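Turn these sequences into a full structure, and let the hints steer you where they fit.
Heads up: the protein sequence lines correspond to chains A and B, in order. All residue numbers for the first sequence refer to our numbering, where the first residue is 259 and numbers rise by one. All residue numbers for the second sequence refer to our numbering, where the first residue is 259 and numbers rise by one.
Keep in mind the hints are simulated off the structure, nothing from the lab. None of these values were measured; they are calculated from a predicted model. Yeah, the Cβ is synthetic: ideal placement off N, Cα and C, and Gly gets one too. Keep in mind that the hints are not guaranteed to be accurate.
Stated by the list, open to error - Chain B residues, not near chain A, derived (Cβ > 10 Å throughout):
#1 ILE265
#2 ASP279
#3 ALA283
#4 LYS319
#5 PRO330
#6 VAL332
#7 GLN654
#8 LEU697
#9 GLU734
#10 VAL737
#11 LEU748
Said to hold, decoys possible - With a straight-line Cα cutoff of 30 Å, these simulated DSBU-like cross-link-like pairs (lysine-lysine) come out:
#12 LYS433(B) <-> LYS291(A)
#13 LYS291(A) <-> LYS319(A)
#14 LYS291(B) <-> LYS387(B)
#15 LYS387(B) <-> LYS433(A)
#16 LYS291(B) <-> LYS319(B)
#17 LYS433(B) <-> LYS387(A)
As the list claims (entries may be wrong) - Some residues of chain B that are not near chain A, with every Cβ distance over 12 Å (derived):
#18 LEU290
#19 PRO295
#20 GLU327
There are 2 protein chains.
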Amino acid sequence: MPLALVIDGNDGRTLQDQVFDQVRALILSSRLKSGYPMPGSRLLAEHLGVSRNTVTIAYEKLLSEGYLEIRPNVGTFVARNLPDPVPGQQAAAPLALVHDTVPRADTLLERIAASVFPTQAVEHPAEGKLRVDFWPGRVNQRSFPLTEWRRIVDGKLRHGLHNQIRYGNPQGDEKLRRAIADHLGPARGVACAPDDVVIVGGSQDGLSLIARAIGNEGRAFLHENPCYQGARFLFGHLGFPCHPVPVDRDGLVVEALPEIRNAVLYVTPSHQFPTGVTLSLPRRLRLLEWASRTDSLIIEDDYDGDFRYEGGPLTALRGLDRAGRVLYLGTFSKSMGPGLRLGFIVGSDRSAPALARWKKLMSNGTPWIIQAAMAEFLDSGAFQRHLRRIRAMYRQRRDVLIDAIGQHFPGSEILGRRGGMHLAWRLPETGCARRLQQLALTQGIGIYTVEDGGACLSAHGDRHGDLLMMGYAATEEDVIARAIGIMARLDGRG
Amino acid sequence: MPLALVIDGNDGRTLQDQVFDQVRALILSSRLKSGYPMPGSRLLAEHLGVSRNTVTIAYEKLLSEGYLEIRPNVGTFVARNLPDPVPGQQAAAPLALVHDTVPRADTLLERIAASVFPTQAVEHPAEGKLRVDFWPGRVNQRSFPLTEWRRIVDGKLRHGLHNQIRYGNPQGDEKLRRAIADHLGPARGVACAPDDVVIVGGSQDGLSLIARAIGNEGRAFLHENPCYQGARFLFGHLGFPCHPVPVDRDGLVVEALPEIRNAVLYVTPSHQFPTGVTLSLPRRLRLLEWASRTDSLIIEDDYDGDFRYEGGPLTALRGLDRAGRVLYLGTFSKSMGPGLRLGFIVGSDRSAPALARWKKLMSNGTPWIIQAAMAEFLDSGAFQRHLRRIRAMYRQRRDVLIDAIGQHFPGSEILGRRGGMHLAWRLPETGCARRLQQLALTQGIGIYTVEDGGACLSAHGDRHGDLLMMGYAATEEDVIARAIGIMARLDGRG
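Take a look at the structure:
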């Protein structure tokens with residue numbers, strides 16, 4: 259029954275007038291359009307709980323005034339040529355009470371609509387139109403263990419449906435939290451219990467949750483320079499005063515951290531975004547000292563820590579932290595795909611339940627089926643097998659990329675080769691990165707300066723603007739090698 | 259006067275903040291215990307030598323944050339269920355990982371961990387332990403079309419995996435937005451385009467998104483009284499000054515709305531939560547006039563609008579709104595199950611993209627597989643078939659419940675019978691609702707006063723505290739009839 263009419267016994271008008279007025283109002287406001295087939299009078303009467311005669315009288319009046327027309331042997335329709343509304347009549351129709359004349363500029367909705375701000379670039383705008391795309395963080399599709407994943411998802415649906423018809427724990431599915439805690443111990447040196455973990459809808463949701471829990475009372479947000487856009491834009495737009503802190507070959511320059519009390523520091527120690535460098539152990543320890551000294555909070559974003567090719571896994575800051583200063587942020591966007599929207603925060607048994615209360619207040623938690631399937635994927639060992647497979651594949655692609663750059667662009671510098679899904683490439687000549695990016699694009703090859711590749715670069719005077727970000731995980735080895743060769747020829751390197 | 263409060267004129271805080279802070283501290287330190295009767299505001303004001311208004315404001319804030327509760331016709335008490343975590347434990351609990359020598363009290367993480375606030379009750383705490391549970395909003399599991407859903411989910415995984423390895427549109431899957439727009443026109447009188455729709459992770463995520471987009475600059479949040487906890491607690495805890503507006507048998511008392519400019523009004527017109535009453539058409543129109551006059555924004559939460567048994571579907575406020583004042587909030591939590599975490603906002607072609615930008619900044623959008631499966635479920639007609647089936651089932655259960663109440667508790671009043679998944683029941687005798695709730699619980703039957711059933715009741719002087727919320731959707735007819743009979747015998751009605 260498509261007609262949204264309401265009959266009100268306490269309305270002063272007769273029932274037929276209520277039907278008439280409302281149908282006419284729907285027609286005049288174009289919500290019932292010319293040619294729309296009206297329901298039969300019997301059906302509408304039943305539906306509204308009024309006598310059929312009431313509807314018949316209203317229909318007759320609508321017919322006589324030209325709002326409806328009958329097509330013999332077919333039915334009653336909204337008229338093709340609608341009458342011009344008589345001015346006085348229109349004012350009387352209920353909907354005309356509602357103001358087309360009202361100025362709209364100052365309303366809250368206008369304010370919302372007018373709010374324009376930068377958001378993080380998580381995909382290249384030309385994605386899909388490129389022949390080869392080195393966008394950082396692109397995931398390889400073909401290596402996904404689809405058969406196993408389908409089997410697990412279907413099994414959960416078949417046997418766990420009672421979980422779909424209820425609200426889950428806003429902190430996250432307990433099996434998934436346990437599986438994550440089990441995974442993080444050996445993989446990242448993070449000793450944590452399931453109760454320390456909060457499931458979120460990806461890293462960005464985790465950052466948003468932490469920002470809500472902190473509240474904004476003029477607290478300083480310190481970030482690496484250059485920095486992942488999603489963190490910088492979020493905290494910046496929420497009104498946190500932002501302070502960039504430089505990054506060099508050993509990661510965040512800890513000595514340059516300001517002595518601000520109760521600050522929030524966002525940092526990517528495993529594989530700095532975008533430069534790929536790793537925060538050295540001495541700096542990690544000094545960083546934790548700084549946090550204790552200033553009573554500050556560290557957000558450790560380990561966005562691609564699952565991929566490590568050299569030097570063994572580093573102990574995460576959260577694993578070194580003895581004073582409870584670190585919130586560790588993990589994601590399945592790189593290992594499983596960002597379409598999953600699944601990540602986690604590791605806090606303490608005190609901060610995690612508080613974050614979970616905020617999670618409840620903000621969104622009542624995370625979808626069940628995705629959590630349940632991921633828990634089984636981890637528990638069954640399928641995730642580890644999947645990681646081993648793609649680690650080996652990504653490593654080979656990295657090696658081919660480094661070799662090709664060395665061969666075709668001798669004198670280049672490579673940063674961030676030890677892990678992750680992208681590296682940072684500095685050309686032998688200064689100031690040529692953007693030009694090469696433009697040249698490559700003419701042949702459908704996407705390479706990206708840090709600013710075009712999802713990073714913020716706040717201050718001048720260093721050479722980060724000269725870096726090219728090269729995501730290699732989603733591109734086959736021969737394609738990588740050919741693309742670098744093509745770029746060399748475009749660049750006149752023969 | 260047992261309250262050892264000190265009002266200090268030289269304290270930087272306002273007088274009401276001093277009262278609030280000190281009473282809260284007494285509660286948190288267990289010096290004021292649950293159930294303690296608070297002195298009347300006039301008495302306390304006299305005692306402290308402040309105006310009565312000062313005390314009233316402090317009490318309101320304590321009520322809204324869950325430290326105090328009102329028992330209608332009795333008085334104000336320290337809440338029985340204090341917001342987590344349990345005070346007392348809080349200060350003492352040591353953290354295993356915590357370095358003993360590091361002072362922790364002032365850190366941001368401590369601040370997060372110590373933040374105590376009430377969150378919405380979306381499930382009965384004793385769920386699963388009850389023989390019969392009339393918790394409002396419970397969904398019937400057995401009626402879910404599992405075979406069809408599994409087939410659709412698996413098909414999407416098999417053929418659409420490329421969507422899992424990429425970020426989707428933060429506004430939501432376009433097919434899903436189109437399917438929702440197609441559904442809402444006929445079902446709710448809402449004419450909208452796919453571009454007006456933003457996909458969110460359920461109603462609560464939608465509210466949170468809207469709150470973020472509005473920002474908080476002391477803007478007034480107006481809400482029905484009684485009101486859905488999730489909305490009241492969210493906006494209250496974000497610092498919006500909250501103003502309750504009374505509800506009677508025709509819904510929100512529009513005449514009682516304050517003439518505050520640029521306010522935000524949260525309203526449930528289809529089936530008011532918790533009373534179940536429907537906002538009359540004249541009031542809908544006057545409400546829109548009010549919004550235009552005051553440049554205010556209306557959030558229309560249509561949480562169970564898919565279920566209508568009498569009187570035809572009402573045109574949603576968003577369908578009547580010609581001035582772009584309404585954001586319509588819809589959810590699949592009732593029709594498909596809250597474990598799906600899927601809902602939507604219908605704004606305009608201007609507000610929706612702005613909300614989508616916020617959605618991106620907050621969480622990079624909604625999981626792909628759930629959106630893709632729901633889109634096909636809608637497009638294939640399976641959703642309509644499912645709705646028809648459960649509507650008929652819920653209607654029969656409602657009828658049995660109304661009959662049983664009429665038979666065993668003659669003289670009762672029933673509100674909210676025309677739609678939804680619960681109705682509100684007023685016993686023939688005043689002030690007996692809580693007693694019957696306790697009696698029923700002894701036999702494993704869960705019935706709920708509005709305050710225990712997920713609603714906030716802010717002010718005195720009306721009879722809403724006497725209503726019992728009866729969710730009938732998930733309980734079979736014979737079980738409903740038997741449970742009402744048992745309660746009648748427990749209550750000495752033979």
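> Is the straight-line distance between the alpha-carbon of LYS433(B) and that of LYS291(A) 30 Å or less?
Replying inline: Distance ~24 Å between LYS433(B) and LYS291(A) Cα, so the pair holds.
> When you look at the beta carbon of PRO295(B), is every beta carbon of chain A farther off than 12 Å?
Replying inline: holds (28 Å)
> Does ILE265(B) really sit off the interface, with its C-beta more than 10 Å from all C-beta atoms of chain A?
Replying inline: holds (25 Å)
> Taking 10 Å as the cut and beta carbons as the points, is GLN654(B) off the interface with chain A?
Replying inline: Consistent with the label, GLN654(B) stays out of reach of chain A, its closest Cβ about 18 Å off (over 10 Å).
> Hey, does GLU734(B) actually stay past 10 Å from chain A on C-beta?
Replying inline: holds (15 Å)
> For PRO330(B), which was marked as not at the interface, is the minimum beta-carbon distance to chain A over 10 Å?
Replying inline: holds (26 Å)
>> For a C-alpha distance cap of 30 Å, please report whether LYS291(B) and LYS387(B) respect it.
In response: Answer holds: LYS291(B) to LYS387(B) is near 28 Å, not above 30 Å.
> Was ASP279(B) rightly flagged as not at the interface, with every chain A Cβ beyond 10 Å?
Replying inline: About 16 Å separates ASP279(B) from the closest Cβ of chain A, which puts it past 10 Å; holds.
> Taking 30 Å as the top limit, are the C-alpha atoms of LYS291(B) and LYS319(B) close enough?
Replying inline: Roughly 18 Å separates the two Cα atoms, so the pair holds.
>> Please check whether the beta-carbon of LEU697(B) is more than 10 Å away from every beta-carbon in chain A.
In response: At roughly 26 Å from the nearest Cβ of chain A, LEU697(B) sits farther out than 10 Å, so the non-interface label holds.
> Does LEU748(B) really sit off the interface, with its C-beta more than 10 Å from all C-beta atoms of chain A?
Replying inline: holds (28 Å)
> Would the least Cβ to Cβ distance between LYS319(B) and chain A come out above 10 Å?
Replying inline: Given that every Cβ of chain A is farther than 10 Å from that of LYS319(B), nearest at about 17 Å, it holds.
Violated hints are absent here; each numbered hint is respected by the structure.
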